[in-house]
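Peer 1: Given chain A, put chains B and C with the ligand in place with the hints provided.
Going down the list, the protein sequences come from chains A, B and C.
Note that the first sequence covers residues 648 to 908 in the working numbering.
Note that the second sequence covers residues 74 to 485 in the working numbering.
Note that the third sequence covers residues 7 to 398 in the working numbering.
A few of these clues could be false.
[As the list claims (entries may be wrong)] Listed below are the simulated DSSO-like cross-link pairs for lysine-lysine, each with C-alpha atoms no more than 27 Å apart in a straight line:
| id | chain 1 | residue 1 | chain 2 | residue 2 |
| --- | --- | --- | --- | --- |
| 1 | B | K438 | B | K466 |
| 2 | C | K194 | C | K175 |
| 3 | B | K160 | C | K175 |
| 4 | B | K262 | B | K82 |
| 5 | C | K308 | C | K175 |
| 6 | B | K266 | A | K731 |
| 7 | B | K335 | A | K888 |
| 8 | B | K239 | B | K82 |
| 9 | B | K160 | C | K233 |
| 10 | B | K83 | B | K239 |
| 11 | C | K193 | B | K160 |
| 12 | B | K84 | B | K262 |
| 13 | B | K266 | B | K239 |
| 14 | B | K266 | B | K83 |
| 15 | B | K335 | B | K438 |
[Unchecked claim] So, partial list: chain A residues that the calculated Cβ filter (under 8 Å) puts toward chain B:
| id | residue |
| --- | --- |
| 16 | A674 |
| 17 | G686 |
| 18 | K695 |
| 19 | P801 |
| 20 | L806 |
I should point out that these hints are in silico values taken from the structure, not numbers from a laboratory.
Ideal Cβ positions, reconstructed from N, Cα and C, are used throughout, including at glycine.
Spelled out, the chains give:
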Amino acid sequence: MTLLTDLAGALATGQVRVVDLTNTLRADFPVIVLPPEFGQCAPFRMEKVSRYDDNGPAWYWNNISMNEHTGTHFDAPAHWVTGKDLPANTVDAIPAQDLIAAAVVIDISAEAAANADFVVTRDFLEDWEAKNGAIPLRHWIALRTDWYKRVGTPEYLNLLEDGVHSPGPDASAVEFMVHDRDCVGLAVETVGTDAGQAFHFNPPLPAHSILHGNGRFGLQCLTNLDKLPTFGAMIVACPLKIEGGSGSPLRVVALIEGEAT
Amino acid sequence: MSEPLIPPKKKDPLLNTRAGHVPPALRSRAAKAMAARAGQGRFVLQACEDCAHVTYPPRDRCPKCWGALTWQDQPRGAVIEAETTIKASTDLFFRNHLPWRIGSARLDAGSMAIVHLHGDVNQGDRVRMEIKLDRGGNPALFALPEKETLNMADDPQLRVFTADPKYRRILVTDGRGPVGQAVAEALVKAGAKTVFLGNNDRLMRYPGQEQIEAMEGIEPVPLSIADSRSTEALAAQLGGRVDIVVNTAQHTRGGGVGFGGKLSDLQTGLDLEVSGLMRLAQAFAPAMSGRSDDGTNAAAAFVDVASIFGLSGKAGYAGAAAAAAARLSLIAGLRGEMAQTGIRVMSVLTGPIDDAWHQDIPPPKTAPVQIARAVVSALQQGQETICAGQVAKEIFGRWQADPLLTIREETQ
Amino acid sequence: MSARVKPYDGAVVCAPVTVPYARFSPESAHWWTGRALQALSQQTGLKPGDFDGFCFASFSSVPDTVVGMVQHMGLSPRWMDHIPTGGASGVMALRRAARAVQVGDAEVVACVSGDTNQIDSFRQGLTGFSRFSQDATYPYGFGGPNATFALITDNFMREFGVSREDFAKLCVAQRTNALSNPLALMKKPLSFEQYVNARAISDPVHLFDCVMPCAGAEAFIVTTPEKAQELGLSVARIAGTIERHNAYPEDAVQTRGGWGCDIDELWAAAGCGPQDMDCLQAYDDYPVIVAMQLADLGFCTKVDLPQFITENDFTIPGSLPLNTNGGQLSAGQAGAAGGFQNVTEGLRQILHCPLGDQIPEARRALISGFGLVNFDRGVCTGAAILEQEVLR
Ligand SMILES: [Zn+2]
Chain A
648 MTLLTDLAGA LATGQVRVVD LTNTLRADFP VIVLPPEFGQ CAPFRMEKVS
698 RYDDNGPAWY WNNISMNEHT GTHFDAPAHW VTGKDLPANT VDAIPAQDLI
748 AAAVVIDISA EAAANADFVV TRDFLEDWEA KNGAIPLRHW IALRTDWYKR
798 VGTPEYLNLL EDGVHSPGPD ASAVEFMVHD RDCVGLAVET VGTDAGQAFH
848 FNPPLPAHSI LHGNGRFGLQ CLTNLDKLPT FGAMIVACPL KIEGGSGSPL
898 RVVALIEGEA T
Chain B
74 MSEPLIPPKK KDPLLNTRAG HVPPALRSRA AKAMAARAGQ GRFVLQACED
124 CAHVTYPPRD RCPKCWGALT WQDQPRGAVI EAETTIKAST DLFFRNHLPW
174 RIGSARLDAG SMAIVHLHGD VNQGDRVRME IKLDRGGNPA LFALPEKETL
224 NMADDPQLRV FTADPKYRRI LVTDGRGPVG QAVAEALVKA GAKTVFLGNN
274 DRLMRYPGQE QIEAMEGIEP VPLSIADSRS TEALAAQLGG RVDIVVNTAQ
324 HTRGGGVGFG GKLSDLQTGL DLEVSGLMRL AQAFAPAMSG RSDDGTNAAA
374 AFVDVASIFG LSGKAGYAGA AAAAAARLSL IAGLRGEMAQ TGIRVMSVLT
424 GPIDDAWHQD IPPPKTAPVQ IARAVVSALQ QGQETICAGQ VAKEIFGRWQ
474 ADPLLTIREE TQ
Chain C
7 MSARVKPYDG AVVCAPVTVP YARFSPESAH WWTGRALQAL SQQTGLKPGD
57 FDGFCFASFS SVPDTVVGMV QHMGLSPRWM DHIPTGGASG VMALRRAARA
107 VQVGDAEVVA CVSGDTNQID SFRQGLTGFS RFSQDATYPY GFGGPNATFA
157 LITDNFMREF GVSREDFAKL CVAQRTNALS NPLALMKKPL SFEQYVNARA
207 ISDPVHLFDC VMPCAGAEAF IVTTPEKAQE LGLSVARIAG TIERHNAYPE
257 DAVQTRGGWG CDIDELWAAA GCGPQDMDCL QAYDDYPVIV AMQLADLGFC
307 TKVDLPQFIT ENDFTIPGSL PLNTNGGQLS AGQAGAAGGF QNVTEGLRQI
357 LHCPLGDQIP EARRALISGF GLVNFDRGVC TGAAILEQEV LR
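Isolated chain A (complex conformation):
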């Protein structure tokens, strides 16, 4: 038990710090917008049940409702048709062991700032590895775009007349992450793991398709990826245990090592 005792000590001293990667769940937080003919993602809603009033004199509580993919949320493999027949593909079935994993952060914030439609390719990743070192196996691969800084502005969803414009990977990159680096999943600050224009990619929506088809997870609408080191962060991402659920809003935190205070 020395590992956890050490961890507890490090948390107490601040040698290990906890970074909140979660956006606040609120009614006006944007959700993914699909073409009108499809069913839509329900935004977060909250109805007061009582607040120290005639409905409950000493207590305050709310009923809440939302989609499984509202706000900062987790995508299980069953979310995509490619993952529909995998074992343990829903949030309730995912082994608890998989809910905590190390993360590698790939910073594409400069590229994304220059081009909202920036696409991460296998070549880009291999270049990145050449400069930064190999992406370790069984890690969350986090794409830092600084997109979270756009929350509260139209540029977060960035929905123009020709669709959404936000960065993401192409098929080659996702294949590389899954098959060559055995990632736990892809973690992003944008509303989807796929690029905004990925519907027009060939194959379309490669992140969803390939990640989930291979039993990997997605984390979306994260914040603060710029606060994480390239290597060495540990992500704790525990979705609600919804029976047969395709995903879940959740509180995502990262543990990082720092200086003791």
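Peer 2: Below, chains B and C with the ligand alone, put in the same frame as chain A:
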């Protein structure tokens, strides 16, 4: 001519607000039946099924032969035989509105009535009668000049029976769609001081946005009636100065009940249209009620634009029709509540709107401008229920004649 | 008119009682009714068990009718009646009680009217006054009877050339009469100028055209001549009566009352005419109704009204003493008791026991009642001629 209404000054914060009393509200069942018809803008009196005698005040049997009475549309003409100007009243509402003119009218339809007089009407005049609804929702015979006179709608006695948009501040809940935009524009043109135009997602552009938001008198406000916090936040900001609320929110999606309907669409629709209406009412009704007799821009009306299929159901649009039905039910309940406080609650019934969500329905459909016209007209006339466009009128007529048959026709 | 009305032989009227009015009273109609019965008892020595007939009128006894009142007052009558006709209730009580006594259904009938006037009870009373008022009159500005009678007055003045000056003469004369009545609520003289310059209430109705609602009670006894003699009471006989309801519904605005239907029978039964009357106690809630009665009862025609009013003096010493106690206009209107005070005052004048000044040698009184504005007009009318029979 009537004195033209002058734009109200800002209110002296030290003055008490005049309490929103309603005129005496006790009525017979027959008078309520009259109100139900008057609310549709009809001029009706009871006629005997046996001897055709037309009678007033509302009775339960014919005074000529004791035959059964039915409500029938009647000629609107009348002559004022006598008049008086009431200068003293013990009633809490009328005391605040003296002097008040009434007259004895000989109705062309064949009986006498005591009636409210427009300022341009005098003893001996031929007049055009309307049955208005008073602030408590009760029928009120009102004598108007036979021909339009200058500033006729500004008559202070008439304004008590209407919710005229002139100089009023109006909230239109959903400005993102063509209906809300058309309604807002029409209200501005009808003299509204300000139209607060709701936008449920200020981060997302919408068609027509630049044009409508640039229009003088239009003030965009954040409002999602699907979200209690948003609704409460706007009410906290505007509740004390919104005189009229017009709810144009709609969520029409196709689909049946057992076949093709999507529960998620139903849920969203019910939440927006039904829960949304209740959120809106709870947020705005109390403050409006407190200002229902507050001078020229007193709070006056709560208008809900809902689908006529709420009455009948609609094949292929089961969920949307169910939401509309629930809406009509809530509106009826709200009307009863607001009748205690002097705020008119009005229903504008629409046919299938000529928008992207009704592509599968063949024309004729209801154009947003027709809805806008109906909203303005209902407010100007003080009319409780109004049909926007021919489709709604036709279905409403059939429904009144035979509700069960209309339900079959519209759902089979 | 069909069958000839039978005379009232065997019934006499006596013991007029007026309980002093109060502008407002915290007491109930029951209290005022009991107070009137007590006054009857003090005048006659009769106890509750001695009354075998009870005729009752009130607007404010709700929820009680005559039934509740009988038990409340400890009466055990073998005949009773409830008269809900306000300003016509006195004449109607008189007629009914007289017939009951005449045929032996009762021997001693107490006719009592009592009403209270609590703060705000006038407004509340109006709100639910009648089905038609509630549906079709009061919601129109809620001017109460003032507004309804204003419409009648407006039309009447135009139709017959009657002026406010004519009404002034009637009202000023009644006030003059009231000054000798110590129980009258109005105690100051009213000048012609004050009348004419008074503020409008609902034009053409002005302040002094309106009565002052108050609390009070009125009562009298109808019994046999034998019983009255035994009790030592002065009595009057009933020379004739009429009653009519909802007359002339075809008139657009009311210009006449139901008296017109039956007036000839009244004078024929009494064997005399208007010129033989020593006083007229007429319903006076608004002078237009007094003027209407002058014509409908046969004193003159409608178009001659201005001239008739000009030529007559309506004070106690005058040519046609009118409402000699001051009437409701000057003595106060105690609800339904306002419809009884014409009977009690007429009776007092011919029995020579007035509250105020006596009309010299008065022997005959014409009593006229008018009641219940159900919608746009008074529905109930009645009249009676009382003649002095025995002074004791
Ligand atoms: Zn009939």
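Peer 1: Look at each hint and say if it fits the structure.
Peer 2: Okay, the hints, checked on the actual structure:
1. K438/B / K466/B: holds (12 Å)
2. K194/C / K175/C: Roughly 16 Å between the alpha carbons, so the hint for K194/C and K175/C holds.
3. K160/B / K175/C: holds (24 Å)
4. K262/B / K82/B: holds (21 Å)
5. K308/C / K175/C: The given pair, whose Cα atoms are some 17 Å apart, holds under the 27 Å limit.
6. K266/B / K731/A: Judged against 27 Å, a Cα distance of about 57 Å means the pair is violated.
7. K335/B / K888/A: Within the cut-off at roughly 25 Å; holds.
8. K239/B / K82/B: Satisfied, since the Cα-Cα distance of roughly 14 Å is no more than 27 Å.
9. K160/B / K233/C: violated (52 Å)
10. K83/B / K239/B: Status holds; Cα separation ~16 Å.
11. K193/C / K160/B: Status holds; Cα separation ~26 Å.
12. K84/B / K262/B: holds (24 Å)
13. K266/B / K239/B: holds (7 Å)
14. K266/B / K83/B: Judged against 27 Å, a Cα distance of about 12 Å means the pair holds.
15. K335/B / K438/B: Answer holds: K335/B to K438/B is near 24 Å, not above 27 Å.
16. A674: It holds, given that the least Cβ distance between A674/A and chain B is near 4 Å, below 8 Å.
17. G686: holds (5 Å)
18. K695: Check passed: Cβ of K695/A comes within 7 Å of chain B, closer than 8 Å.
19. P801: For P801/A, the interface hint holds, since the closest Cβ of chain B sits about 5 Å away, which is under 8 Å.
20. L806: Where the cut-off is 8 Å and the nearest Cβ of chain B is about 7 Å from L806/A, the hint holds.
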